[in-house]
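Residue numbers (the working numbering), protein chains in the order written: chain A, 1 to 232; chain B, 1 to 126.
Keep in mind the hints are simulated off the structure, nothing from the lab.
Be a bit skeptical, because a hint or two may be false.
For lysine-lysine, the following DSS-like pairs were computed, each having C-alpha atoms within a straight-line distance of at most 25 Å [claimed, not checked]:
| no. | chain 1 | residue 1 | chain 2 | residue 2 |
| --- | --- | --- | --- | --- |
| 1 | A | K14 | A | K72 |
| 2 | A | K165 | A | K28 |
| 3 | B | K29 | B | K101 |
| 4 | A | K165 | A | K202 |
| 5 | A | K202 | A | K45 |
| 6 | B | K101 | A | K175 |
| 7 | B | K101 | B | K9 |
| 8 | B | K67 | B | K33 |
| 9 | A | K28 | B | K9 |
| 10 | A | K202 | A | K175 |
| 11 | B | K29 | B | K122 |
| 12 | A | K28 | A | K175 |
| 13 | B | K122 | B | K25 |
| 14 | A | K165 | A | K72 |
| 15 | A | K226 | B | K101 |
| 16 | B | K33 | A | K165 |
| 17 | A | K165 | B | K101 |
| 18 | A | K225 | B | K9 |
Per the computed footprint, the stretches of chain A lying under chain B, defined by three or more beta-carbons under 8 Å from a beta-carbon of chain B, are [claimed, not checked]:
| no. | segment |
| --- | --- |
| 19 | 190 to 196 |
| 20 | 202 to 214 |
Now the in silico label distances, taken between C-beta atoms and shown as ranges [said to hold, decoys possible]:
| no. | chain 1 | residue 1 | chain 2 | residue 2 | range |
| --- | --- | --- | --- | --- | --- |
| 21 | B | E76 | A | F86 | 53 to 61 Å |
| 22 | B | S36 | A | E63 | 31 to 39 Å |
| 23 | B | E76 | A | G154 | 45 to 53 Å |
Positions of the beta carbon are idealized from the N, C-alpha and C atoms, including for glycine.
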Amino acid sequence: MITFENVSKRYLTKHALSDVNVTIPEGKIIGLVGSNGSGKSTFMKMIAGLVGPSEGKVMIDQEPVSRRTANKVAYLSELDAYYSFFSVKETIDFFASQFQDFDVEKANDIVDFMEVDSSQKVKHLSKGNRGRLKIALTLAREVPVILMDEPLSGLDPMVRDSIVKGLLSFIDLEKQTVIITTHEVTEIEPLLETVIAIRNGKVLALEDVETIRERDRMRIVDWLKKMYQEEA
Amino acid sequence: MGEEFNPSKPIYLQLVDRISWEIIKGERKTGEKLPSVREMAIQSGVNPNTVSRTYNELERMEIVETKRGQGTFVTEQKEKLVELREQLKINHIQNFIEEMKQMGFSSEDMIEGIRTYVTNEKENQS
Numbered sequence: 001m002i003t004f005e006n007v008s009k010r011y012l013t014k015h016a017l018s019d020v021n022v023t024i025p026e027g028k029i030i031g032l033v034g035s036n037g038s039g040k041s042t043f044m045k046m047i048a049g050l051v052g053p054s055e056g057k058v059m060i061d062q063e064p065v066s067r068r069t070a071n072k073v074a075y076l077s078e079l080d081a082y083y084s085f086f087s088v089k090e091t092i093d094f095f096a097s098q099f100q101d102f103d104v105e106k107a108n109d110i111v112d113f114m115e116v117d118s119s120q121k122v123k124h125l126s127k128g129n130r131g132r133l134k135i136a137l138t139l140a141r142e143v144p145v146i147l148m149d150e151p152l153s154g155l156d157p158m159v160r161d162s163i164v165k166g167l168l169s170f171i172d173l174e175k176q177t178v179i180i181t182t183h184e185v186t187e188i189e190p191l192l193e194t195v196i197a198i199r200n201g202k203v204l205a206l207e208d209v210e211t212i213r214e215r216d217r218m219r220i221v222d223w224l225k226k227m228y229q230e231e232a
Numbered sequence: 001m002g003e004e005f006n007p008s009k010p011i012y013l014q015l016v017d018r019i020s021w022e023i024i025k026g027e028r029k030t031g032e033k034l035p036s037v038r039e040m041a042i043q044s045g046v047n048p049n050t051v052s053r054t055y056n057e058l059e060r061m062e063i064v065e066t067k068r069g070q071g072t073f074v075t076e077q078k079e080k081l082v083e084l085r086e087q088l089k090i091n092h093i094q095n096f097i098e099e100m101k102q103m104g105f106s107s108e109d110m111i112e113g114i115r116t117y118v119t120n121e122k123e124n125q126s
C-alpha cells in the first residue's frame with residue numbers, strides 16, 4: 001500500500017506538490033488525472049523514489065520510499081531511455097541484468113504478443129514499437145507497483161489498442177497495483193477502477209470510477225472539469 | 001479499442017445486460033463456459049475487477065454458475081433463463097412506455113399504435 005503523508009515538493013519557488021495526503025488502494029488500475037503541470041509526474045516519481053519530498057513522507061508498505069523500496073516499483077517514464085544500438089533482445093537481457101525481479105520469459109512473451117521483432121535494433125524500431133517495448137520492459141518486472149507515465153502519448157490507435165491488451169493480459173491485480181497518467185482518459189476509461197484528480201499540486205479527490213458513472217452520470221473528463229470548477 | 005460503454009451507468013451492469021442479452025438470443029448456450037475473467041477483460045477492454053463483479057452479479061441472479069477450478073458456465077436450469085427472458089421483456093416494455101408517456105401518448109394510443117404496426121408488418125411480409 002502506498003501512502004502520502006503531508007507531502008510537499010518545491011522546485012525553488014514553484015510548488016510541484018503541496019500537502020498531499022492520500023492512501024492508494026492495492027490491486028487496482030488507478031488513473032492519475034489532471035492538466036499539464038498539475039504535479040502528476042512528480043507524484044509518480046516520488047513513488048518510484050526518483051524525487052524526494054521537501055516535506056512529509058511517501059511510504060510503500062509502511063516503509064519510506066528509498067533505494068530499498070525501488071525493487072517494489074516498476075516505472076515507465078515518459079521519455080525513451082534505452083541504448084539505441086541494442087537489439088530488442090539485447091535490451092531485454094540488459095534489463096534482466098539490472099533488475100533481479102525481471103522475468104525474461106515474460107518480457108519475450110509480451111514482445112511476441114505485441115508482434116515486435118526482437119532481432120531489430122532499438123534505433124530502427126518505429127515509435128509505436130518503441131512504445132510497445134517500453135511496456136514489455138515495465139510489465140516484465142515482478143513487482144507489486146507498476147507506474148506508467150503517459151504510456152499512450154503520441155501513439156496511433158492500433159498501438160494504443162495493443163498496449164491496452166498487453167496490459168490486461170500481463171498484469172496480475174491480485175498481486176499488483178497499476179498507476180497510469182494519461183491525456184487519453186476517455187480511451188482507457190473502462191480500464192480504470194479508481195481515479196485520483198490532481199490540480200496545482202493538490203489531490204482533489206480519489207474516487208471509484210463506477211461510482212462516478214452511477215452517482216454523477218459522468219465521464220472521468222467531465223467529472224474532472226467539475227472538480228476543477230468547484231476548486232477554482 | 002474494446003467496446004463503447006454508456007458513461008452514465010456502471011460498466012459491470014452494462015456487461016451484465018450484454019451477457020444476459022447474448023444468452024437470451026442464444027449466442028451463449030445453456031451450460032456453455034464463459035470466457036475467463038482475464039479473457040473477457042481483454043475482449044471487452046475492461047478492468048478485470050469489473051469483469052469479476054459482473055460474473056458475481058450474474059451468479060447472484062442465478063444465470064451463471066461458477067464451478068471451482070473450472071470456470072463460469074451459463075446455468076442449465078432452463079426456468080432461470082425463462083425468468084430472465086420475462087424480466088428483459090418487462091424492462092423493455094417499461095422503457096418503451098416511459099418514453100411514450102414523455103411524448104404525451106396515452107396507454108390506448110400505445111396499444112393501438114402497436115396493433116397497427118404489427119398488422120402492417122404482417123401484410124408487408126405476405
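### Task
List, from low to high, the hint numbers that the structure doesn't satisfy.
1, 3, 4, 6, 10, 11, 15 and 17
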